[in-house]
Amino acid sequence: MCLAIPARVISIEGDKAQVDFGQGVLKGVNITLVETKVGGYVLVHAGYAIQTVDEKEALETIDLWNEILSTGIE
Amino acid sequence: MRFYQQELNNYDKVDFGMTERLRFRDPELAKKISKKILKMAPPKDELIKFCHVCGTHEWTITHYGLRSLLPSNIEVIAGPGCPVCIVPAAEIDEAVQIAQKGVVITCFGDVLRVPGSQKSLLEAKAEGADVRIVYGVSDAVRLARAEPKKEFVFFAVGFETTAPTTAVEVLKKTPQNFSFLSSHRLIPPAMELLLGVGDLQIDGFLAPGHVSVIIGMKPYELFPRVYRMPTVVAGFEPIDVLMGIYMLLKQNKEKKPRLENEYSRMVKWEGNTKALKVMDKAFKVVGSNWRGIGRLPNSALKLRKELEAFDANEKFGIHVEQGKDILLGCECHLVIIGKIKPDECPMFMKSCTPQKPVGACMVSSEGTCRVWATTSTRSK
Ligand code: SF4
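Note that the protein sequences, when read in sequence, are chains P and U. Residue numbers for the first sequence, in our numbering: 1 to 74. Residue numbers for the second sequence, in our numbering: 1 to 380.
Bear in mind the hints are in silico, worked out from the structure with no lab data behind them. Fair warning: this is a prediction, and the values are worked out from it, not measured in the lab. Heads up, some of the hints might be wrong.
To be verified - Calculated Cβ distances over 10 Å to all of chain U for the following chain P residues:
1. Ile10
2. Asn30
3. Val34
4. Lys37
5. Val38
6. Glu57
7. Ser70
Claimed, not checked - Here are some, though not all, of the chain P residues that point toward chain U, as calculated from beta-carbon distances under 8 Å:
8. Leu26
9. Leu33
10. Thr36
No residue lacks a Cβ here, since even glycine has one placed at the ideal position from N, Cα and C.
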């Protein structure tokens with residue numbers, strides 16, 4: 001039940017934002033708990049954005065893992 | 001829960017940060033990790049047991065058949081990670097009694113069928129009570145605003161991921177006809193309890209990513225430090241979980257228990273400080289009962305005294321001390337702490353099915369029994 005899904009912020013009005021879950025699935029969410037901007041990604045749980053997604057970190061993570069996995073360190 | 005299912009269905013469609021999602025499901029990378037895991041596995045006669053405490057982790061593990069990628073002597077068990085399953089019968093009884101006073105109860109879909117001592121909210125609804133499913137607390141508030149003459153209660157179930165959403169609403173100007181029945185629970189105390197369960201013998205924790213989004217890393221520090229327990233916060237894509245297991249195994253092999261963050265794209269060391277602040281403003285931490293587990297100190301959130309006007313227990317004067325948590329023959333109490341697997345319960349898929357659930361673990365879509373019952377790619 002702690003499922004949370006990333007979505008892209010389309011527009012912001014006060015503490016509400018329209019977010020895009022992909023392929024045009026739009027939803028209004030409350031953004032009181034995060035600092036975000038239009039175009040940014042947020043993690044949505046039960047109608048609330050609970051975190052801003054660190055895109056750079058996301059992209060780097062996998063590269064880092066590939067690196068770790070291809071070295072001999074165990 | 002039904003609405004989570006809805007979110008899950010959308011899950012695959014999200015084009016999030018280019019092909020990020022697909023990369024976290026990359027079969028090639030999965031193979032690489034599982035090869036590493038095989039290489040690092042202990043000798044056959046040595047059993048290693050890692051424990052997660054999150055229904056969504058169980059879903060990923062079962063749905064993608066990740067257990068089949070692990071050597072047979074590395075086990076991943078499911079601890080108390082389903083917030084609906086651990087709501088004690090007494091709190092369902094309170095909701096039922098409040099509903100029977102003519103108050104509208106709003107709740108997440110899964111809560112509806114959780115057994116109380118005598119009946120579930122669904123059964124109360126069948127007898128005429130007004131019980132409505134909502135997607136989140138803000139929907140419940142909207143319903144209350146639309147019908148100001150009726151009293152509304154939001155049955156607030158969930159771990160730290162969900163509690164801040166309740167806190168935001170309670171600290172706003174909630175309508176006079178609205179109050180909260182808080183069943184929020186905290187995860188770290190449940191993890192600590194597992195370490196005390198005699199013959200469970202856990203070798204590492206896969207800590208829940210979305211709880212950690214809120215609470216950050218700090219609350220887990222005691223596990224490696226005090227209990228020498230390897231602990232890795234992990235996300236929910238198959239690669240996240242496999243990588244988490246690999247990191248645990250590595251710590252185990254090196255005999256250097258530490259706290260690591262696999263899910264750094266979402267989880268910050270300090271958590272979501274805004275969320276933590278509102279939670280602290282709205283709630284105080286109290287001891288409470290967990291279904292199948294019993295009383296855990298400092299494990300639940302109760303509205304602060306100054307917000308008592310919004311506390312449904314106070315508003316309607318209803319307090320149920322003891323309820324009947326486990327029905328005869330149901331092994332939920334053992335499934336919840338990871339002591340047995342669902343199919344070790346004699347009733348699993350016989351007298352207890354998703355269509356006719358007996359225990360709470362079969363009711364909620366995040367319950368271990370339910371996850372096992374509804375996934376065909378399962379490998380035990
Ligand atoms: S299979 Fe049903 S009866 Fe058995 S432990 Fe699970 S929920 Fe309880």
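10 Å Cβ clearance of Ser70 of chain P from chain U: The claim breaks: Ser70 of chain P does not keep its Cβ more than 10 Å from every Cβ of chain U (closest is about 8 Å).
Cβ separation check - Glu57 of chain P to all of chain U, threshold 10 Å: Since the minimum Cβ distance to chain U is about 4 Å, Glu57 of chain P lies within 10 Å and the statement is violated.
Given as non-interface: Ile10 of chain P, which should sit over 10 Å from chain U by C-beta: Non-interface label on Ile10 of chain P holds, nearest chain U Cβ at 13 Å vs cutoff 10 Å.
Satisfaction of the Thr36 of chain P interface hint, Cβ to chain U closer than 8 Å: violated, 11 Å
Interface hint for Leu33 of chain P, Cβ within 8 Å of any Cβ on chain U: Constraint on Leu33 of chain P satisfied, holds at 5 Å.
Residue hint Leu26 of chain P, partner chain U, criterion CB-CB below 8 Å: violated, 11 Å
Status of Val38 of chain P, Cβ more than 10 Å from any chain U Cβ: holds, 16 Å
Given as non-interface: Lys37 of chain P, partner chain U, CB spacing beyond 10 Å: Given that every Cβ of chain U is farther than 10 Å from that of Lys37 of chain P, nearest at about 15 Å, it holds.
Verdict on Asn30 of chain P as a residue remote from chain U, using beta-carbon distances over 10 Å: violated, 6 Å
Claimed clearance of chain U by Val34 of chain P, with the beta carbon kept past 10 Å: violated, 7 Å
Consistency with the previously given hints fails for numbers 2, 3, 6, 7, 8 and 10, ordered from lowest to highest.
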